[in-house]
Amino acid sequence: MRKLIIVLLALAMATSAATAKKNKKSGKEDISVLRYLLLTEGAVRTTATAAEKDGEPIWNSVNTTTILPKESIEYIPVTPRRTVRKIELPGGEVRESDITRFQWTKDVISCRFAYALGDDEKVLDECKFIELEGPVELDHSWEFHSTRLEPEPPLASGLAFDYRGRIGSAELGLSFGESSYTGCLTITTSGRTTTTEGDTCADGTTVSAGTVESTSTRWYCPGVGPLKEVTSVRLKTADKLCTEYRYVEMLQSIEIPE
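Residue numbers (my numbering): 1 to 258.
Possibly wrong hints are sitting among the right ones.
To be verified - Label pairs and their computed distance ranges (CB to CB): (1) Thr200 to Thr64: 13 to 23 Å; (2) Ser253 to Thr205: 40 to 50 Å; (3) Gly204 to Glu255: 43 to 53 Å; (4) Pro77 to Gly204: 27 to 37 Å; (5) Gly204 to His140: 40 to 50 Å; (6) Pro77 to Ala202: 43 to 53 Å; (7) Asp239 to Ser72: 19 to 29 Å; (8) Arg164 to Gly91: 35 to 45 Å; (9) Asp239 to Gly177: 38 to 48 Å; (10) Leu68 to Cys201: 39 to 49 Å.
To be verified - Here are the simulated lysine-lysine pairs, DSS-like style, with alpha carbons at most 25 Å apart: (11) Lys53 to Lys236; (12) Lys53 to Lys228; (13) Lys86 to Lys228.
By construction, these hints were calculated from the structure, which means they are not laboratory data. Ideal placement from N, C-alpha and C gives every residue a C-beta, glycine not left out.
With the hints as extra help, turn the sequences into a complete structure.
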């Protein structure tokens, strides 16, 4: 554990020093968004997600992400992240997904392309989910349009959201197990779309369409990425809140090769 903490701190300090630059508007030194990622080739992040519908548990998952060797796609330098996700549904059924996202991190932390491993060819898919955009300053915000690539059972994939991200707090001190981190961020992302998928509401009624509102809060720390993410997805009709899903993802472990 002590060796892991030293490696993480050294990575964060080296990345920050190498990529810091001046903000033309304020004259202040920008803190690069890269310092908030785990970019070491071969590193493995394991997280656990718990999902609820109207306060009742509906599934759990274990998500293992491996940082792959850097490459270029269409002349864009990217850091591939392969995530194997095992979702356990009620009754013991297990579903598994295996997706590699190409992290485009020149100016922002974003998912630029994605494809499913195991295909004969790389199927590129624009997801454009901007997790963090510089400059890293309190209340800085950004807007983007993104399509959900993976379903969050029972929500379907393919929903296109209009999002707004905002840095809600900066320079936080957080703890994870025996490790403590400084310079952490809170990022809130809110989105809205419409759906015709339909759902069964908490009162037993069924709706065929409605508005879907999504709100996520992530806690990022230098060199490790998000320690925790809490997402609320609500289905609303014109006259009532029908259903609310809640997803809580927590970091379980980080392994960094020597």
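Hint numbers contradicted by this structure: 1, 4, 7
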